[in-house]
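Number 141 marks the last residue of the sequence shown (the numbering used here); no jumps.
FYI, nobody ran anything at the bench for these hints, they're computed from the structure. As the structure is a computational prediction, the values presented were derived from the model and not from experiment. Heads up, the beta-carbon is just placed ideally off N, CA and C, and yes, glycines get one too. Where hints are given, some of them may not hold.
In the EDC-like style, the derived pairs of lysine to aspartate or glutamate whose C-alpha atoms are separated by at most 16 Å in a straight line are [to be verified]:
| no. | residue 1 | residue 2 |
| --- | --- | --- |
| 1 | 98 | 13 |
| 2 | 97 | 108 |
| 3 | 97 | 86 |
| 4 | 73 | 86 |
Pairwise CB distance ranges, derived in the manner of DEER restraints [what the hints assert, rightly or not]:
| no. | residue 1 | residue 2 | range |
| --- | --- | --- | --- |
| 5 | 66 | 30 | 30 to 40 Å |
| 6 | 105 | 42 | 34 to 44 Å |
| 7 | 67 | 105 | 31 to 41 Å |
| 8 | 105 | 30 | 36 to 46 Å |
| 9 | 107 | 59 | 39 to 49 Å |
| 10 | 104 | 34 | 36 to 46 Å |
| 11 | 97 | 77 | 39 to 49 Å |
| 12 | 74 | 112 | 33 to 43 Å |
| 13 | 104 | 22 | 11 to 21 Å |
| 14 | 70 | 16 | 15 to 25 Å |
| 15 | 79 | 38 | 18 to 28 Å |
| 16 | 91 | 59 | 33 to 43 Å |
| 17 | 70 | 17 | 18 to 28 Å |
| 18 | 54 | 108 | 37 to 47 Å |
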Amino acid sequence: MEQQKQYIQQYILDCINSDDRGIDPQPETNKDKLQFLFDTFKSEAVYPGALKRYGTLQNIFKEWIAGLPTALDIEFSNYGILQLAKKQGSLPDNPTDNQCYKITSNYWNYIAANTFQLFSKYNILTNLNK
Numbered sequence: 012m013e014q015q016k017q018y019i020q021q022y023i024l025d026c027i028n029s030d031d032r033g034i035d036p037q038p039e040t041n042k043d044k045l046q047f048l049f050d051t052f053k054s055e056a057v058y059p060g061a062l063k064r065y066g067t068l069q070n071i072f073k074e075w076i077a078g079l080p081t082a083l084d085i086e087f088s089n090y091g092i093l094q095l096a097k098k099q100g101s102l103p104d105n106p107t108d109n110q111c112y113k114i115t116s117n118y119w120n121y122i123a124a125n126t127f128q129l130f131s132k133y134n135i136l137t138n139l140n141k
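Whole structure, please, built from the sequences with the hints as guidance.
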């Protein structure tokens, strides 16, 4: 389980993309990448009433990444999500339809939860008063 968590968190870090933002210098450390991701999310998705609508900052983030922001180039097709789950070790090579459904239906929550764990690990402030 810990190995799967490390795999998906490294995947998230590898998918952070600041190339199109004209940032110089580009964020290189994991902390800098995560700060960039959080700041971009905050500027693009956090608005008055968002917390009331979605309940938590993590839920706002989940909705934001489901909209495929350029700041996070994660897999989005069901096929790609299932291939990622197989590489991670959370899905067997010959999964049942039910196993596939569980993976794809929880994907956005899973990515959001692991990203917020990374924010916490690297002390990225996730409050709205920053």
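Restraint check for residue 73 with residue 86, where alpha carbons must lie at most 16 Å apart: holds, 14 Å
Should the hint that residue 97 and residue 77 are 39 to 49 Å apart at their CB atoms be regarded as holding? This hint is violated: roughly 22 Å between Cβ atoms.
For the pair supplied as a hint, residue 98 and residue 13, is the alpha-carbon distance within the 16 Å limit? Distance of about 14 Å is within 16 Å: holds.
Could you say whether the range 37 to 47 Å given as a hint is met by the Cβ separation of residue 54 and residue 108? holds, 40 Å
Residue 104 versus residue 34 beta-carbon gap, inside 36 to 46 Å or not: Once the Cβ atoms are compared, 40 Å apart, the range 36 to 46 Å for residue 34 and residue 104 holds.
The hint says 15 to 25 Å between residue 70 and residue 16; measuring C-beta to C-beta, is that right? With Cβ atoms ~21 Å apart, the hint holds.
Restraint status (C-alpha distance of residue 97 to residue 108 at most 16 Å): Holds: residue 97 and residue 108 sit about 14 Å apart, inside 16 Å.
Given a hinted range of 31 to 41 Å, is it respected by the beta-carbon distance of residue 67 and residue 105? About 36 Å separates the Cβ atoms of residue 67 and residue 105, which means 31 to 41 Å holds.
Has the hinted range 36 to 46 Å been met by the Cβ atoms of residue 105 and residue 30? About 37 Å separates the Cβ atoms of residue 105 and residue 30, which means 36 to 46 Å holds.
With respect to the beta-carbon atoms only, verify the hint that residue 107 and residue 59 lie 39 to 49 Å apart. holds, 44 Å
Range first: 34 to 44 Å. Now tell me if the beta carbons of residue 105 and residue 42 are that far apart. Cβ of residue 105 to Cβ of residue 42: about 39 Å, so the range 34 to 44 Å holds.
Is it true that residue 74 and residue 112 lie within 33 to 43 Å of each other by Cβ? Violated, at about 21 Å.
When held up to the earlier numbered hints, the structure conflicts with 11 and 12 and fits the remainder.
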